[in-house]
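J.: Put together the whole structure using the sequences plus the hints.
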Amino acid sequence: MVIRTDSPVAAAASPTPRDILCPILSLANNMGASQSEHEFKDLAERTGFSLDQIKNLHQRFKWLTNHQETLRQEDFEKVSHLSLNPIKGQIVKAFFDKRNFGKHEVGLVEEIGFEEFLMVMSHFKLPNKKLTDEDTEDVRTEKLRFLFNMHDTDNDGTITLEEYRHLVEKLLSTCETLEQDTSLAIADAAMLEVARITVGHMEPHEVYEGITFEQFQQILKGVQIETKMNVRFLQMDTTTMRCGK
Amino acid sequence: MACRHLTHLACGWNGEVGRRLVTVTLLAVFLVGTVLPLGAASSPEITVGLNGDRTPHQPNNDHDDHASHNTTKKAFPVLSFDFERIGMPFEISLWVLLASLMKLGFHLTPRLSGIVPESCLLIVVGLLVGGLIKVVGQKPPVLESNLFFLCLLPPIILDAGYFLPIRPFTENMGTILIFAVVGTLWNAFFVGGALYGICQLEGVHLKNYDLLSCLLFGSIISAVDPVAVLAVFEEIHINELLHILVFGESLLNDAVTVVLYHLFEEFAGVGTVTMVDVLLGIVCFLVVSLGGILVGAIYGILAAFTSRFTSHTRVIEPLFVFLYSYMAYLSAEVFHLSGIMALIACGVVMRPYVEANISHKSHTTIKYFLKMWSSVSETLIFIFLGVSTVAGDHNWNWTFVTSTVLLSLVARVLGVVGLTFVINKFRIVKLTTKDQFIIAYGGLRGAIAFSLGYLLDKVHFPMRDMFLTAIITVIFFTVFVQGMTIRPLVDLLAVKKKQETKRSINEEIHTQFLDHLLTGIEDICGHYGHHHWKDKMNRFNKKYVKKCLIAGERSKEPQLIAFYHKMEMKHAIELVESGGNVKLPSALPSTVSMQNIQPKKLQERALPQIPKGREEEIRKILRTNLQKTRQRLQSYNRHTLVVDPYEDGWNEVLLKRKKVIELEKKINQMSNYLTVPAGPPESPTLARARLSSDPQAWSMKPDSDGVPAIKVDLASPQSPPDSVNITDEFGKRSGPPAGGGEEGGLVMKRPHPPPSLSVTAATKEEKGGRRQQQQPEEDEEGRDPQRLMRCLSDPGPSAEEEEDEPFLP
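Protein chains in written order, with this note's numbering: chain A, 221 to 465; chain B, 1348 to 2156.
Treat the hints with caution; some may be incorrect.
With a Cα cut of at most 27 Å, we get these calculated BS3-like pairs of lysine-lysine [what the hints assert, rightly or not]:
| id | chain 1 | residue 1 | chain 2 | residue 2 |
| --- | --- | --- | --- | --- |
| 1 | B | K1843 | A | K448 |
| 2 | B | K1883 | A | K345 |
| 3 | A | K308 | A | K261 |
Quick caveat, the hints were computed from the structure, so don't treat them as lab data. These numbers were taken from a predicted model, which means no experiment stands behind them.
T.: Have a look at this one:
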């Protein structure tokens, strides 16, 4: 099944994004500022980031990859704070999930280039201009889709009970003393709630397969995702970048 | 007139009439007040009820007559009268009673409360009471500043601080601070400066007013009042963002007001202000606000620490919360720090820890006491405002008063529009024009301004009366005009209202997921935004602070689990409140049950092959749970609240029901573990509802310990087929772990159990199971029918164990 991605960015026609990106990056590295600026402008147009943000993110990207062109899973180990994050695995995975690159592809990749990195980050960027209601709805759908993809690990279009349990377990994984059944109970209760809200009536022999994206949107109606799921990408902390090496 | 007559009587009898008279008048008003709602309900003309009803006086009158006769005679006074002794508390109680009855009456007349905000009506009542007292010839009491600041204000602020919605508050902290600090400063200086300009105009005859007193007046009049804002905004149910913006501003501007007030009051005598003084003023502001917060935080931590050790004296638990916060307020006021900020900080700091430590009952007590105190205080404040208006000496100056009202309106609008323009550049959610209008329009002034004005020294400020008049006018204008029109305006502008829906567990899960996700993304891009710092603080809190301040296991409980338990609790309460009838607790008439959401693969695999390890695991889970109950049981002692299990029967029923729900859940989980085929078509919700409709079955006497007899409760309202059905379900589900996969299950072995008995038995089985934890394992499995009998007849831990249950599984 092909997931429709509501990213504003037009899909590039290339099958392997790394192929275009590597030359770009190497060019950028070798040829000085004017050249890279040009490439950045191109990226800025496609991802909606400002030039400053792209520069900052690029710097960070280079730091993460040790000035390599591609980013691998192990590179995220460098971010020390991330190891404390209970959902670290999911976050890192989201960077290697093709569904988040806006190219209507599915599956996982081993390593990503700067463009993919930007594409994933662009799900968290602030809207540039004042949005109309329709735009807001689009942004919301896109962000929710990103979240949904993070939960729907096997890409079957639903968050199954197994996946939901896994999610709750991960969320509670920082708590050492917890009995396993508590997180199970929470996941079950949550799932039951979804089924109640979205389906309403079910015969006992019917089986609730899992949360579809529409139902996911429905249960998160009350949360203003479009205003909450934002990171300001300016003012990168440069000291850690220097200290990191 | 009855009142006149009374005066004569009282004068002839006793010289010291003042107090008594006021009291009698109050009593009269009171009786009228009680009639008011009834009158209003029957006819729209309330005034008729107020003016026409004087007859209730008569009984009082007679009583006084008798009393005076008794004292004049020399014989041994069979009935003596000594009002002096109880005068003071009597009056106070009378006032409070008046306030409460007024509130009661107000809410009994829905038509009236739909149009006029409560605060307006209370002021009117105050005006009437004041007028009545004046008619009688007495001086009505004025809202004394000490009374206001030391008694009436703290409960309201503590209520606001303790129940402050932290998340929206911190998320909009910047905006709130800018409005509170810059906005208030702007208002004060704009109003003060412009008033000074007006005073200097020809033909106003106010030339002797210097700039500093005008600025002082400006600083008094410019602060938005939390009491007035709360009173109005709670009625209009505006959306969370606007509510927290206006309300947060009204709370935080206290520091600015305090500093400006003291600054100008100080300098008004001196007359000159140097640059150094301005600098000192800024430093003073920092000291006052940060100092207040610090004092509050210290007391908050102390309160949290104290509550750690109160597990054996639950009864006085709530008191600590009130006392520590009041101490914080007083300690801050000693140094002229911002008492309001201290209270807010205290409430905010202590709440998460205190709530984790105290029992559920104490929590409820705190909630109700705070709400009760704050609403009574609020009512009293508004009534006193009305009374003081009648009582005070007024100096009405048309120019001054009208220009004050106009200027404060203009300043507010300009301030809000100007500041939002700046703020919007930094906000993600921009404030729309509508929002700005509501923020500007919601800037109500109230009793704080009046009390500050009242505090002014008449020697230094000869224009005090005029100030007070102007302040009262502004208060009345904002409370009456703005307070009454804001609701229609909100409707008219279609401003987003508060969502009525409760927070669901899914929202909680995904909000937390989002928090972690954003923290992770911020970490990855090396941007230390507020998610990063929030996460760090949470971590610090969890690692060190919680361990110190929270007793026992609960310190490690993550937020999600706490939320889940609270939700469960609420669910149980709803279940009981709904009478446990077929009416379902959730709003939706849903029949979705656990079996519907189980993965299909598992259901198809019908053979209950339990691996040895699995079984052991289940047993372990069960045992750990059982032991926990046991431990909690031991911590019970005579200081806890439940003495007579029957006195507390309601709660008992509630908690028992909760247990049934939990039992059912566990069974569900178990059947999930064990991959049992689906049970009979019964949703847990339905089963729960049915089970819980049978309260008698649960409150059995714990006297039959060890006797293998089962009490049959024939009074159960249950229809037999239903109960049997439930039994079946329980039996089937609990069957496999106990009887090794036998279809019939435990209960079904019993020959022809009476209908309601079987329900009881099902739970008893659970309860008994908990009791029997130390017995050999066959017992748990229930193979031996003899033991099963005992197990069933054992009432188990009944009434005594319930104190702290609700939060824990």
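J.: All the hints need checking, so say for each whether the structure fits it.
T.: Hint check:
{"no.": "1", "hint": "B:K1843 x A:K448", "in the structure": "holds (18 Å)"}
{"no.": "2", "hint": "B:K1883 x A:K345", "in the structure": "holds (22 Å)"}
{"no.": "3", "hint": "A:K308 x A:K261", "in the structure": "violated (31 Å)"}
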